[in-house]
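Q: Chain by chain, the residues run as shown.
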Amino acid sequence: MPRWGMVIDLDRCTGCGACVAACKVENNVQFVSAAESERGRRMHWLRLLVESTGTYPEAEIRIVPNLCVMCDNPPCTKVCPVHATYLGEDRLVAQIYPRCIGCRYCMAACPYSVKVFNWSDPRWSAETRSILNPDVSLRPKGVVEKCTFCHHRLQAAKEVARADQRPLREADYQPACVQICPADAMTFGDLDDEFSPVSQLRRSARAMRPQEHLGTEPKVYYLQRRDAHV
Amino acid sequence: MRTFEPSATSDPALFRSIDHTTTKFYVTVGVLAAIVLFAVFMYVRQVVLGLGVTGMMQPVTWGFYIVNFVFFIGISHAGTLISAILRITQAEWRRPITRMAEVITAIVLAIGGLHPILDLGRPERVMNVFLFGRLQSPLLWDVTSISAYFAASTVYLYLPLIPDIALLRDRSRRLRWFYDFLSWGWQGTPRQWKVLSRAINIMMIVVVPVAVSVHTIISYIFAMTLQSGWHSTIFGPYFVVGAIFSGIAALFVTMIAFRSAFRLEAYLKLIHFQQLAKLLLAMSMLWTYFTFCEYLTGFYGGEPEELKSILYKVTGQYAPLFWLMVACNFFIPLVLLGFRRFRTIPGILIASIGVLVGMWLERLIIVVPTLENPRMPFPSGIYVPSLTEISLFAGALALFALSFLGFAKLFPIVSVWEIQEGRALAKVEMEERIQSYLPDEQAGHVQA
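Line by line, the protein sequences give chains A and B.
The first sequence lines up with residues 1 to 230 when you count with our numbering.
The second sequence lines up with residues 1 to 448 when you count with our numbering.
Simulated from the structure, these hints should not be mistaken for lab results.
Bear in mind that the values here come from a model prediction, so they are computed numbers and not experimental data.
A virtual CB, placed ideally from N, CA and C, is assigned to each residue, including glycine.
Errors might be hidden in some of the hints.
Calculated cross-link-like contacts (lysine to any residue; reagent style SDA-like; alpha-carbon spacing at most 20 Å) [what the hints assert, rightly or not]:
(1) A:K78 / B:L140
(2) A:K78 / B:T216
(3) A:K78 / B:F132
(4) A:K78 / B:Y43
(5) A:K78 / B:V126
(6) B:K269 / B:Y220
(7) B:K308 / A:E51
(8) A:K78 / B:K194
(9) B:K194 / B:V155
(10) A:K78 / B:L120
(11) B:K308 / A:R206
(12) A:K141 / B:V53
(13) A:K141 / B:K194
(14) A:K78 / B:V48
(15) A:K78 / B:R341
(16) A:K78 / B:N128
(17) B:K308 / A:E212
(18) A:K141 / B:V126
(19) A:K141 / B:Y43
(20) B:K308 / A:G54
(21) A:K78 / B:Q136
(22) A:K141 / B:I202
(23) A:K141 / B:G50
(24) A:K141 / B:R134
(25) A:K78 / B:W141
(26) A:K78 / B:L135
(27) A:K141 / B:R341
(28) A:K141 / B:N128
(29) A:K141 / B:E124
(30) A:K141 / B:L140
DEER-style ranges, computed between Cβ atoms [stated by the list, open to error]:
(31) B:A33 / A:D135: 33 to 41 Å
(32) A:K158 / B:L226: 27 to 35 Å
(33) A:E89 / B:T28: 53 to 61 Å
(34) A:E89 / B:A34: 28 to 36 Å
(35) A:N73 / B:F25: 32 to 40 Å
(36) A:E89 / B:E124: 26 to 34 Å
(37) A:A126 / B:K308: 41 to 49 Å
(38) A:K158 / B:A34: 56 to 64 Å
Chain A extracted, bound-state conformation (with noise of 0.2 Å):
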């Protein structure tokens, strides 16, 4: 089975924000109003981190896609009293959404802030009505959510492949944000298949993985310049 991973080149991003809008489009991620945005209550499941360091003329801006880093040994899923969050067969943490208590503990153990709140019932205007993808269920107020990474395309290219009468191939699924990059600062495949891009990326000396130090075993790389640091 392949292990899904991602590596995510820091400096080729220029920080545009595609990955952010396709997320939020593809995986049907509530809108909130201005007022609400204002007071922390924005979905996203992927954002950018955007930090800036040091002081003119040293001064820089470092932009860093922050979305669910698929730990192998999540803090998150241990700490769910009803299940609700799990590592699932695919080694994706996975959000069941008509389970979910809403008690936030997963929320307060994850270290890398991914998982978001349903803080009221989402309000779909004509518009967003119209777009909203079918294959990715709406989540209703009370639950948490976060990056699958789009999940529902794997099931969709595991179903054409056994329609095909044919082995999954990497090729065959790419979550949103990775598909629409135009810098192409994404890569995504199967980290066990040592010939795949993201497996020889993820080799590259200019590679890391966000608090690595917490034994969490992320999926997600960052490609950096070796004097900067997540």
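Keeping the supplied structure of chain A fixed, place chain B upon it in accordance with the hints.
A: Just chain B, lined up with the frame of chain A:
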């Protein structure tokens, strides 16, 4: 062997709260009920509109509800634990205090136990905890230990209440059926006394480890995560010490309030306050020691994430609250309880209110700053509670006072039979002591 028969007539002051209902009582109940009803309304509104009506947000996803959960469950250690320890050590001065302590525990535990449910995004799915519960989650450990503690402490409250209920049953026709049912056929036969005292002895031992486990496990909710400021090995005992500390303070405030409201000055004497004040002072020193250990090791090690959250509390955004907490939990008790001159009832009351404020701040300072300082460079916000959270906090406090008043209306808040037993036993014991190891009064005359 028992040499006394509890009597309903010799301590009329203890039945005063049951027999006389003043206008002041009705007014107090009315005001408290209004606060509780408003809180219920605000909660229903929250269920309908979602948790967006609170002040919680990303990344501070836990706020007042979890802070108050930890605080109230902490208070619940007042009771049962203190009363059990005093019974086990046979501290004679415990007699007028134990009942109140046990009532506080049962009420506060019920209120505190509700708080995680107030905090749920989908409260109607709370049964999932039993249907799909996973024992690897510290929340499940909590559900288990809190329900065990609630069961143990209500039994421990009820058992010593039985002879008093029988007195109430026999003295008047009012609510006869109610007391008759609750007294469980108590006739005060020697066998019944023997069984009762054995049951109390078993329960007083059982509740101690259960009580210790409860707040240890509440600390585990935080300590089991990897977050800086939470992931600490001393959190278990640190929380237990804080729980007993705030519990004694709550006991003092309740004792002083009911002492003046129901004129119990003859039963709750200065000596009771002074004895318990020593325990409060000792807990204050223990709490200070734990706090010192916790912060010094984090600061000295200087791990960047840990240091960030410590400095945020000690010198940053939370500094005023942090130092107010240190003043309330260390300096005020040290001065007011450490010097005999201030160890009066007003002094103890001020110290206790200080400790309650300080311990509530301590829970806030543990829960919120860690969430405000996530490991990722997240645009962090400052958590400010909304009217919903404040009114639910007020509602919880009002519900506590209301339940306590309701209890005082139905049952004596000072154990009648234990007071009378104390009087009878003290006389017998004194005579035995004179006979056993003191010389006879005539002995000296014979030798001379």
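Q: Against each hint, give a clear statement of whether it holds in the structure.
A: Here is what the structure says about each hint:
no.	hint	in the structure
1	A:K78 / B:L140	12 Å, holds
2	A:K78 / B:T216	19 Å, holds
3	A:K78 / B:F132	14 Å, holds
4	A:K78 / B:Y43	30 Å, violated
5	A:K78 / B:V126	19 Å, holds
6	B:K269 / B:Y220	39 Å, violated
7	B:K308 / A:E51	16 Å, holds
8	A:K78 / B:K194	48 Å, violated
9	B:K194 / B:V155	17 Å, holds
10	A:K78 / B:L120	18 Å, holds
11	B:K308 / A:R206	27 Å, violated
12	A:K141 / B:V53	12 Å, holds
13	A:K141 / B:K194	56 Å, violated
14	A:K78 / B:V48	30 Å, violated
15	A:K78 / B:R341	53 Å, violated
16	A:K78 / B:N128	16 Å, holds
17	B:K308 / A:E212	19 Å, holds
18	A:K141 / B:V126	15 Å, holds
19	A:K141 / B:Y43	15 Å, holds
20	B:K308 / A:G54	18 Å, holds
21	A:K78 / B:Q136	6 Å, holds
22	A:K141 / B:I202	47 Å, violated
23	A:K141 / B:G50	6 Å, holds
24	A:K141 / B:R134	24 Å, violated
25	A:K78 / B:W141	13 Å, holds
26	A:K78 / B:L135	10 Å, holds
27	A:K141 / B:R341	57 Å, violated
28	A:K141 / B:N128	17 Å, holds
29	A:K141 / B:E124	12 Å, holds
30	A:K141 / B:L140	23 Å, violated
31	B:A33 / A:D135: 33 to 41 Å	52 Å, violated
32	A:K158 / B:L226: 27 to 35 Å	33 Å, holds
33	A:E89 / B:T28: 53 to 61 Å	60 Å, holds
34	A:E89 / B:A34: 28 to 36 Å	54 Å, violated
35	A:N73 / B:F25: 32 to 40 Å	58 Å, violated
36	A:E89 / B:E124: 26 to 34 Å	29 Å, holds
37	A:A126 / B:K308: 41 to 49 Å	45 Å, holds
38	A:K158 / B:A34: 56 to 64 Å	59 Å, holds
Checked against the numbered hints above, the structure violates hints 4, 6, 8, 11, 13, 14, 15, 22, 24, 27, 30, 31, 34 and 35; every other hint is satisfied.
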